[in-house]
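Take these sequences, add in the hints, and give me the full structure.
Spelled out from the first residue to the last, the chains are:
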Amino acid sequence: MVNPIGLRLRGIHHAFALKEQDLPVLEDVDLDVRPGGSVALLGPSGCGKSTLLRLVAGLEPPRRGTLEADGAPITGPDPSRVLMFQDPTLYPWRSVRANAALGLEARGLIRTEGGRVDDALRLVGLHEFAEAYPHQLSGGMAQRAALARALVNRPGLLLLDEPLGKLDSLTRLKMQEELVALWQREGFTTLLVTHDVEEALLMAERVLVFSPRPARVVSEIAVDRPFPRHRDDPHLVALRREVLETLGLREAA
Amino acid sequence: MSASVEAGSLPAAQDIRPWRVWAGGGAAGLAWLAAAGIVLAWPDIDEYGRTELLGGVAAAVGLLLVAAAMAGAPGPVARLRPAGPWLVALAIGLIAWEFVTAKLDLLPRPFFVAPQALLEVFTDDYAKLGESVLHSLLLLIPGYLLGATIGFVTGVAMGWSRRVGYWAHPVLRLIGPLPATAWLPIAFFAFSTSRQASTFLIALATFFPVAVLTWSGVASVAGSLYDVARTMGARPWFLIRKVAVPAALPSVFVGLFMGLGSSFSVLVVAEMMGVKAGLGFYMQWSQGWAAYANVYAALLVLAGMCTGLVTLLFRLRDGKLAWQKGVVRW
Numbered sequence: 006m007v008n009p010i011g012l013r014l015r016g017i018h019h020a021f022a023l024k025e026q027d028l029p030v031l032e033d034v035d036l037d038v039r040p041g042g043s044v045a046l047l048g049p050s051g052c053g054k055s056t057l058l059r060l061v062a063g064l065e066p067p068r069r070g071t072l073e074a075d076g077a078p079i080t081g082p083d084p085s086r087v088l089m090f091q092d093p094t095l096y097p098w099r100s101v102r103a104n105a106a107l108g109l110e111a112r113g114l115i116r117t118e119g120g121r122v123d124d125a126l127r128l129v130g131l132h133e134f135a136e137a138y139p140h141q142l143s144g145g146m147a148q149r150a151a152l153a154r155a156l157v158n159r160p161g162l163l164l165l166d167e168p169l170g171k172l173d174s175l176t177r178l179k180m181q182e183e184l185v186a187l188w189q190r191e192g193f194t195t196l197l198v199t200h201d202v203e204e205a206l207l208m209a210e211r212v213l214v215f216s217p218r219p220a221r222v223v224s225e226i227a228v229d230r231p232f233p234r235h236r237d238d239p240h241l242v243a244l245r246r247e248v249l250e251t252l253g254l255r256e257a258a
Numbered sequence: 029m030s031a032s033v034e035a036g037s038l039p040a041a042q043d044i045r046p047w048r049v050w051a052g053g054g055a056a057g058l059a060w061l062a063a064a065g066i067v068l069a070w071p072d073i074d075e076y077g078r079t080e081l082l083g084g085v086a087a088a089v090g091l092l093l094v095a096a097a098m099a100g101a102p103g104p105v106a107r108l109r110p111a112g113p114w115l116v117a118l119a120i121g122l123i124a125w126e127f128v129t130a131k132l133d134l135l136p137r138p139f140f141v142a143p144q145a146l147l148e149v150f151t152d153d154y155a156k157l158g159e160s161v162l163h164s165l166l167l168l169i170p171g172y173l174l175g176a177t178i179g180f181v182t183g184v185a186m187g188w189s190r191r192v193g194y195w196a197h198p199v200l201r202l203i204g205p206l207p208a209t210a211w212l213p214i215a216f217f218a219f220s221t222s223r224q225a226s227t228f229l230i231a232l233a234t235f236f237p238v239a240v241l242t243w244s245g246v247a248s249v250a251g252s253l254y255d256v257a258r259t260m261g262a263r264p265w266f267l268i269r270k271v272a273v274p275a276a277l278p279s280v281f282v283g284l285f286m287g288l289g290s291s292f293s294v295l296v297v298a299e300m301m302g303v304k305a306g307l308g309f310y311m312q313w314s315q316g317w318a319a320y321a322n323v324y325a326a327l328l329v330l331a332g333m334c335t336g337l338v339t340l341l342f343r344l345r346d347g348k349l350a351w352q353k354g355v356v357r358w
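As given, the protein sequences belong to chains H and A, one line each in that order.
The first sequence begins at 6 in my numbering and counts up one residue at a time.
The second sequence begins at 29 in my numbering and counts up one residue at a time.
Errors might be hidden in some of the hints.
For each label pair, taking beta carbons as the anchor points, the in silico distance ranges come out as [what the hints assert, rightly or not]:
| id | chain 1 | residue 1 | chain 2 | residue 2 | range |
| --- | --- | --- | --- | --- | --- |
| 1 | H | Asp-201 | A | Trp-265 | 35 to 41 Å |
| 2 | H | Ile-115 | A | Leu-173 | 26 to 32 Å |
| 3 | A | Gly-158 | H | Arg-112 | 30 to 36 Å |
| 4 | H | His-18 | A | Arg-191 | 27 to 33 Å |
| 5 | H | Gln-26 | A | Arg-190 | 22 to 28 Å |
| 6 | H | Pro-97 | A | Gly-193 | 23 to 29 Å |
| 7 | A | Val-338 | H | Asp-27 | 49 to 55 Å |
| 8 | H | Ala-22 | A | Gln-352 | 33 to 39 Å |
| 9 | A | Gly-193 | H | Lys-24 | 17 to 23 Å |
| 10 | A | Ile-178 | H | Arg-112 | 28 to 34 Å |
No wet-lab data here; the hints were simulated from the structure.
Ideal placement from N, C-alpha and C gives every residue a C-beta, glycine not left out.
Next up, the structure:
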């Protein structure tokens with residue numbers, strides 16, 4: 006078990022500096038996540054959800070607004086808040102084990118805490134591929150390796166930026182289940198960015214729906230169902246229709 | 029390199045038909061025996077000291093090839109198989125060379141030398157040749173390592189720091205494309221010994237391609253690779269050593285290869301212009317005595333040395349970049 010992190014975001018504004026002008030991406034976003042909670046950020050592709058995750062990870066500061074993790078302002082990256090990208094972004098020159106060891110190595114903990122690497126690989130079912138190189142892995146295995154690399158740091162907050170977006174549908178379903186099981190067992194807080202309504206409803210306690218860019222929160226839905234959930238649960242099916250209508254996709258519902 | 033790959037796949041085919049005669053080897057063996065016959069039986073136009081030795085060597089090669097062809101067994105013989113056509117061509121080349129020089133004297137003499145004359149250089153002057161190789165290596169390697177190290181560090185610094193890039197880029201752009209040999213008059217004047225001057229020039233020639241390609245390699249590392257490490261608590265020094273440098277390594281090796289090429293060219297020029305040792309000097313000196321056989325022999329040795337060093341660099345690269353190849357390694 007880890008120490009789950011609570012999040013509090015207030016009045017977040019952010020923009021990309023382009024050549025001529027600023028391109029606003031986030032507009033007045035407020036967000037609260039309880040320690041150990043699971044929140045999904047749902048919205049159209051390119052709306053700015055991923056930028057919000059980069060801000061929470063501390064990779065860049067917002068133009069305006071405050072971000073707090075457990076009451077302390079977020080000023081930079083911290084291994085307790087690990088970001089997992091849509092691409093596995095494994096280092097091609099490192100074996101799976103060496104990739105997973107990255108965080109411990111970066112913090113000089115590899116000597117004392119090295120055992121955590123194999124634990125994490127076992128947790129994601131990759132211990133038999135520890136010596137393999139990234140180019141030898143399938144898409145799902147590569148993303149599992151990236152998950153192991155994140156978990157080695159024992160994050161209190163796992164930031165997931167469409168981590169299943171590029172996987173085939175069967176692998177995707179399986180990994181949705183695995184991530185939920187992992188979250189329940191390990192107890193970390195999860196912030197998931199996705200554009201898949203079903204995925205958001207299956208994996209999160211609360212779903213925040215964003216508008217197209219610049220992203221604002223247009224509605225918030227509490228998904229009050231126990232885990233593990235099933236996609237054909239009538240309550241989820243009704244919620245799915247509701248969310249799609251919010252997104253302006255009445256026909257698709 | 030591709031030859032060894034093909035050879036590696038051959039034993040499997042041999043297992044099915046273990047006693048197949050190697051036709052190409054037989055042809056090559058006969059060609060070498062024919063060459064031996066012509067060298068030994070056809071009288072030379074002039075007196076050559078090593079005609080019997082050359083004929084003996086050719087005969088020995090021919091006999092060995094015939095024996096290998098008859099045996100046809102897997103093992104070391106199988107590795108020679110892809111070389112069959114080359115072995116035939118070499119024998120024919122030797123015969124043609126014999127006719128136009130030693131046997132019929134069709135080509136003007138001081139410039140064109142007979143094979144036995146070339147062989148004589150190796151049998152009589154091997155000590156001097158070996159010493160020259162050693163001198164060349166002792167001049168080349170320190171200069172190359174110095175240039176490669178400074179080039180690598182400069183390239184990493186330029187790719188990493190915008191400020192270093194700002195100051196270093198214009199200088200590199202102006203000085204870099206200048207051939208290192210253009211500095212020759214200044215270098216021999218500025219340094220107290222020709223050895224120091226040559227080391228400086230070799231280092232300069234190596235520096236430029238290594239710096240530029242390391243720089244471009246580091247500058248083109250995807251930002252997401254840094255983000256991954258940063259989000260897990262990596263400091264800048266870790267990002268340079270464990271992300272920027274390994275990611276840029278394929279490009280660095282291209283620079284090292286190009287730098288090696290330019291360092292060879294500077295080495296030979298330096299040895300011909302000022303340094304009184306090494307293969308370049310040996311060639312220059314022999315040419316002064318119209319000893320063209322010695323010039324060709326040194327050229328051959330120099331080619332062997334250069335290709336050997338390039339092969340060494342490629343071996344090192346293949347070891348360091350094993351992850352890059354499609355080969356499965358567990």
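Each hint tested on the structure:
1. H:Asp-201 / A:Trp-265: 35 to 41 Å: holds (40 Å)
2. H:Ile-115 / A:Leu-173: 26 to 32 Å: holds (31 Å)
3. A:Gly-158 / H:Arg-112: 30 to 36 Å: violated (53 Å)
4. H:His-18 / A:Arg-191: 27 to 33 Å: With a Cβ separation near 31 Å, His-18 (chain H) and Arg-191 (chain A) satisfy 27 to 33 Å, so the hint holds.
5. H:Gln-26 / A:Arg-190: 22 to 28 Å: holds (24 Å)
6. H:Pro-97 / A:Gly-193: 23 to 29 Å: For Pro-97 (chain H) and Gly-193 (chain A) the Cβ distance comes to about 26 Å; the hint holds.
7. A:Val-338 / H:Asp-27: 49 to 55 Å: holds (52 Å)
8. H:Ala-22 / A:Gln-352: 33 to 39 Å: holds (36 Å)
9. A:Gly-193 / H:Lys-24: 17 to 23 Å: holds (21 Å)
10. A:Ile-178 / H:Arg-112: 28 to 34 Å: Taking Cβ atoms as reference, Ile-178 (chain A) and Arg-112 (chain H) lie about 32 Å apart, which means the hint holds.
The structure is inconsistent with hint 3 alone, although it conforms to all the rest.
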